[in-house]
Amino acid sequence: MKESLRQSMASLHTWTGLLLGWLLFMMFVSGTAAYFQEEITQWMQPEAAGQASPEQATQAAVAWLEKEAPDASTWFITPPGKRSATTQVFWVPAERKPGMRRGDTSAVLDSSGKLTDIRDTRGGFFLYRLHFDLHYLPVIWARYLVGVAAMFMLIAILSGIITHKKIFIDFFLLRFGKGQRSWLDSHNVSAVLALPFHLMITYTGLVTLATLYMPFGIAANYANPDKFFEAVFPDREAMERSGQPAPLASIDPMMRAASADWGGKAVGFIRIVNPGDRNASVTLTRAPSEAIGSRGETLAFDGATGKRLGASSPKGGATATESVMIGLHSGRFANMALRWLYFLSGLFGTAMVGTGLILWTAKRRQRLPDPARPYLGFRIVERLNIAVISGFPAGIASYFLANRLLPLTMASRAEWEVHTLFLTWGAVLLWAVLRPARRGWVEGLAIAALMYAAVPVVNAATTARGLIPSIARGDWLFITFDLTMLVLAALFAFAALRVLRHVPKAAGSRRASGSAAVMA
Amino acid sequence: MIHFPILIWVITGFAALCASRDRHQRDLFGRPLTQRQSHALRIAAWISIALSFLLAIVGVGWVLGVIIWIGYLSVGALVSVTMLNRATARRQKRK
Numbered sequence: 000m001k002e003s004l005r006q007s008m009a010s011l012h013t014w015t016g017l018l019l020g021w022l023l024f025m026m027f028v029s030g031t032a033a034y035f036q037e038e039i040t041q042w043m044q045p046e047a048a049g050q051a052s053p054e055q056a057t058q059a060a061v062a063w064l065e066k067e068a069p070d071a072s073t074w075f076i077t078p079p080g081k082r083s084a085t086t087q088v089f090w091v092p093a094e095r096k097p098g099m100r101r102g103d104t105s106a107v108l109d110s111s112g113k114l115t116d117i118r119d120t121r122g123g124f125f126l127y128r129l130h131f132d133l134h135y136l137p138v139i140w141a142r143y144l145v146g147v148a149a150m151f152m153l154i155a156i157l158s159g160i161i162t163h164k165k166i167f168i169d170f171f172l173l174r175f176g177k178g179q180r181s182w183l184d185s186h187n188v189s190a191v192l193a194l195p196f197h198l199m200i201t202y203t204g205l206v207t208l209a210t211l212y213m214p215f216g217i218a219a220n221y222a223n224p225d226k227f228f229e230a231v232f233p234d235r236e237a238m239e240r241s242g243q244p245a246p247l248a249s250i251d252p253m254m255r256a257a258s259a260d261w262g263g264k265a266v267g268f269i270r271i272v273n274p275g276d277r278n279a280s281v282t283l284t285r286a287p288s289e290a291i292g293s294r295g296e297t298l299a300f301d302g303a304t305g306k307r308l309g310a311s312s313p314k315g316g317a318t319a320t321e322s323v324m325i326g327l328h329s330g331r332f333a334n335m336a337l338r339w340l341y342f343l344s345g346l347f348g349t350a351m352v353g354t355g356l357i358l359w360t361a362k363r364r365q366r367l368p369d370p371a372r373p374y375l376g377f378r379i380v381e382r383l384n385i386a387v388i389s390g391f392p393a394g395i396a397s398y399f400l401a402n403r404l405l406p407l408t409m410a411s412r413a414e415w416e417v418h419t420l421f422l423t424w425g426a427v428l429l430w431a432v433l434r435p436a437r438r439g440w441v442e443g444l445a446i447a448a449l450m451y452a453a454v455p456v457v458n459a460a461t462t463a464r465g466l467i468p469s470i471a472r473g474d475w476l477f478i479t480f481d482l483t484m485l486v487l488a489a490l491f492a493f494a495a496l497r498v499l500r501h502v503p504k505a506a507g508s509r510r511a512s513g514s515a516a517v518m519a
Numbered sequence: 000m001i002h003f004p005i006l007i008w009v010i011t012g013f014a015a016l017c018a019s020r021d022r023h024q025r026d027l028f029g030r031p032l033t034q035r036q037s038h039a040l041r042i043a044a045w046i047s048i049a050l051s052f053l054l055a056i057v058g059v060g061w062v063l064g065v066i067i068w069i070g071y072l073s074v075g076a077l078v079s080v081t082m083l084n085r086a087t088a089r090r091q092k093r094k
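If you read the protein sequences in the order shown, they are chains A and B. Read left to right, the first sequence gives residues 0 to 519 (numbering that gives the first Met the number 0). Read left to right, the second sequence gives residues 0 to 94 (numbering that gives the first Met the number 0).
Be aware that one or more of the hints could be misleading.
[To be verified] Covered stretches of chain A (chain B as the covering partner; in silico rule of three or more C-beta atoms under 8 Å from a C-beta of chain B):
no. : segment
1   : 159-173
2   : 339-345
3   : 465-476
[Unchecked claim] Stretches of chain B that chain A covers, calculated by requiring three or more beta carbons in the stretch to come under 8 Å of a beta carbon on chain A:
no. : segment
4   : 30-40
5   : 48-57
6   : 68-78
Hints were generated in silico from the structure; no laboratory data involved. Quick reminder that beta carbons are idealized off the backbone N, C-alpha and C, glycines included.
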């Protein structure tokens, strides 16, 4: 080993960063968007509006379930919270019929417990699941792939810190118009300025699926992995149905009692086992918005008498740590200010991965033997960069557009919104392959800019909640969403213009023009 | 809103830290500062950042305060980076 530590770390950084860099870019974009998943869902369900009291909405949802799914074995209710207007119910039918689909055992209700005529959409929840479940892929494969990518990310961050020669001296340095040097500056600035976030998010991301990636500790101590989860997350053992009907006690007082128990923290999730039976039980879970730990406290009640059965025991050190780490990753506890900070930090991460990918080509472009005909590896990286950095964001914009433009009565509408995202992405990929690289960049970025600019326009044309009526009504969520789309459109348009105006250095003057500004 | 003063002090801190660096002074002021001035700026920088931390802890609380403060650090540093970048670009244009 003749290489110095820094040199070997540099190659480690380059290749771990590149290999799954495109997947990491997609994960950063979708994860960043998912910090606003509830807000995105509200925007994608423009029919639902207004605020509701969680207690009233829950009681109304129970009434609805008693009518629609009286013999289900379990009901799950997510009452409206600070960031959502609807009640979501889901139930496990007494017997599962083949060919049953998600929509057959779930519903979205309004605060009075009526089925809403909300359009069929997966909303922001889809972007959240895309972040770690990907799509069109068995979930377990996706999670392993995402896990490998996250481990590469962790290696890339640590080796990047060692490689970065002047992490403190160059802290503030961001110089534009200097070609490769500018890409390196941008990569450094986006990485270093939010370094605590990058380290935290990568590490805690791995922790969220740690028992999947490292099952060995459980396998060594428990013959059956299910026993481990029962021991760590004890649940009231489900009572058998007695067969004697008994009306369900009122949920409202249970919710108040639980909230009082938790120092005023709201209930976020309700599980009702054996509804309508003498052996019914109601388990309330603390809302994830109320504390950092993602595994909330629970409190159980007898469903028939309304008597309190008992609370979850306090967590041990390891489980409490895990719960807080997952909570820190997903940021559900965050108030609006912190949520925007999370979002911004996510953008830093996106920029870090994106500039890193571009830097790989910027570094090698100068040394190409024949710039007109780069070698295959270079061409693949270059084209994938265009397709992912401009194509995936364009895909998300098309997902929002599809939400407004697809016919409301369309069959499998929600699925087609998702297909639209991937169709758009695929189209940009094809475009990037067919066009000369520089044109590909300009056009890919311009497509993304146009699609984001179209979102507020289409929203105003197809709903009564366009930007101007929303301003008049003081509907901050819709105002902010539309403005965010416009800002993203401006960013992509700016990037497209920069590439368009960029004058590449003439091959001959490569060495001479050390300080000459490349961009106007 | 405790967030506003936290952000102001973070920005002030990073701006002073940036200005205390010899290599940035020419871009920012057109001339290098004296040793003593740079030193004073560095002390002011760390006091401002410490103050912002204190505000976050007192105003928001221990756990949430630290998380929010780290988030604002990134924002504050970004503001300084952007200001320096603009100042450098202006200076180069004048040349």
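Against the structure, the hints come out as follows:
| no. | hint | result |
| --- | --- | --- |
| 1 | 159-173 | holds (count 5) |
| 2 | 339-345 | holds (count 4) |
| 3 | 465-476 | violated (count 0) |
| 4 | 30-40 | violated (count 0) |
| 5 | 48-57 | violated (count 0) |
| 6 | 68-78 | holds (count 8) |
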